[in-house]
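*Asks:* Chains as they are written, first to last, in my numbering: chain A, 1 to 180; chain B, 1 to 266.
Hints listed in this document are in silico derivations from the structure and should not be mistaken for laboratory results.
The reader is advised that the hints may include incorrect statements.
[Claimed, not checked] Short derived list, chain A residues pointing at chain B, Cβ under 10 Å:
1) T10
2) V11
3) L23
4) L25
5) A26
6) V29
We put the beta carbon where it would ideally sit given N, CA and C, even for glycine.
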Amino acid sequence: MGQRKWIEITVGLFVVAGIASLLMLALKVSNLNTSYEEGKGYPLSLMFNNAGGLKPKAKVTIAGVPVGRVRTIELNHDFVAKVVVWMHQEIQLPDDTKASILTAGLLGDNYIGLTPGFSETALKSGAMIPETQTDSAMVLEDLISKFVSSKASEPVASSKVNEKPNESNSAGQAEPVHHL
Amino acid sequence: MMIMLTLVRKVRRLGRWVIQFFETAGQASFLLFSVMSGQPKVGRAFQLLMKQLFSVGVLSFIIIVVSGLFIGMVLGLQGYNILSRFGASQALGEMVALSLCRELGPVVAALLYAGRACSALTAEIGLMKATEQLAAMEMMGVDPLKRIVAPRFWAGMISMPLLALIFSAVAVLGGYWVGVVILGVDDGAFWGNMQNAVDFHDDVLNGIVKSVVFGFVCTWIALFQGYACAPTSEGIARATTRTVVYASLAVLGLDFFLTAVMFSGG
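Just chain A, with the same shape it has in the complex:
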C-alpha cells in the first residue's frame, strides 16, 4: 500500500507541475492576462491612404497609452486601406479624432496613435474615421526619395553660392549644424 500511496502522490505532483507550467506560460510568458476580452470593447473603422507596415494586433494608443488593438486591415472599394480596430469599452472619443500610423523607434513596428479633438459628439460603436482625418504611414523609401530629390536640386543653388565670397559659403555649411 505504501508504494501505491507514493505513486499517487508523485503523479499528483507531476500533474500539478504541468498545470503550473501551463499557467506560467499563459500568464507570465504570453499575453493572455494583458489581452482584454473583445466582447467588452467596440470596433472603429479607420481609413488610411497608406497603411504601411501595419499588422493585425498592432496596438492603438492615445498619448502613448494602449487603448485598443488592430483587428483587420483590408482594401476598401475606393482603394483606401480600411483598418478595423477594437477599442476598450471605457474609451469614448469625439468624432473629430485624428488617427495616424506611427513607428516605434527607427525600424520598429507600426502602431496607431489617436489624437482626440474637441467635438461634443462622441464616436459610436462601428463608426468610421475618414482618410481626411488620418495621417498615413511614413514609408521609408518615400522619405529617402524626397530627401534625395531635394539634395539633387541643391547643387544648382550651391553653385550660385560658390560664386559669392568664401565666408558666406562656410556660413552656409555651418548653419545646418546649428539646427541639429
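Given the coordinates of chain A, work out where chain B should sit on it, guided by the hints.
*Replies:* Coordinates of chain B only, in the frame set by chain A:
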C-alpha cells in the same frame, strides 16, 4: 533473358516491401483502434493508468527539467551574444520564449520522451511477449491490449503535453536566469517584450497541439514495436532501437509539417 529475370526479381522485391509495409501499417492501426475503442472498467483501469503515469511521466520529470534548464540557459547565452551585437538584447525574452513555445519545447521534450520513456515501453512489452506473459494473459481470458497496452498509451498521451509544458516553463526560467541575473538584461524588458510577442493562442496552444501529436505518435510507435517484435532477446533489442529511431524521425518530420500548417498562414 537474364536482364528480364533480374528485373522481375527487383519488381517482386518492391512488391513484397509494399505488401509488408501495408501489413505493418494495418497491424499498427488495428492495435491503435482496439486500444482506443476498449472500454475499461473504471476502478481498476485507473490504478493501472496511475502506475503507468508514474513510470512514463514522473520518472521522465528529472531529465526534462534538467535538459530544459540547460537548453534555456544556452538560448539565453547565445541569444544575448547575437542580439547584443545589434543592440537588441532587450528582445532576448521574446527570442527565448518564442523559440521555446513554438519549436524547442515540444520537439526536444518529445525526443527526450522517445529516448527515456518509449524505449522502456517497447522493451517492457517485448520482454512480456518473449516470456509469453501476453500469451498467458490471453489464456486466462484477460485481453493484453486492454490490460497492458491501453494504460501505457493513455499515460503517454497525458504525460507528453505535461512534460513539454514543464520543459518550456523551466527553460524560460533558465533563459531568465542567464539573461537577466547573470548578463544584466533589463528585467521589465525581458518579460514585457516576451508578453508582447508571445500570443497564447498562436504560440502556446499550437505548441501544446504539437506536443499532443508527438505524444500520440511516439507512444503508438513504441507500443506497436513492442507488441510486434520478434520474441527473442535480439528481437527486443532491435525493436527498442527501432522505436527510438522511428519516433525521433517521426517527431522531426511531423514538426516540419505542423509548423508549415500552423505558422505559415501569417
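*Asks:* Does A:L23 pass the interface check with chain B, least Cβ-Cβ distance below 10 Å?
*Replies:* 9 Å, holds
*Asks:* At a threshold of 10 Å, is the proposed contact between A:V29 and chain B supported by beta-carbon distances?
*Replies:* 5 Å, holds
*Asks:* Verify the interface restraint on A:V11: the C-beta must sit less than 10 Å from at least one C-beta of chain B.
*Replies:* It holds, given that the least Cβ distance between A:V11 and chain B is near 5 Å, below 10 Å.
*Asks:* Against chain B, with CB atoms and a cut of 10 Å, does the hint on A:A26 hold up?
*Replies:* 6 Å, holds
*Asks:* Once the shortest beta carbon distance from A:L25 to chain B is found, is it less than 10 Å?
*Replies:* 5 Å, holds
*Asks:* Please check whether A:T10 passes as an interface residue: C-beta within 10 Å of a C-beta belonging to chain B.
*Replies:* 5 Å, holds
Violated hints are absent here; each numbered hint is respected by the structure.
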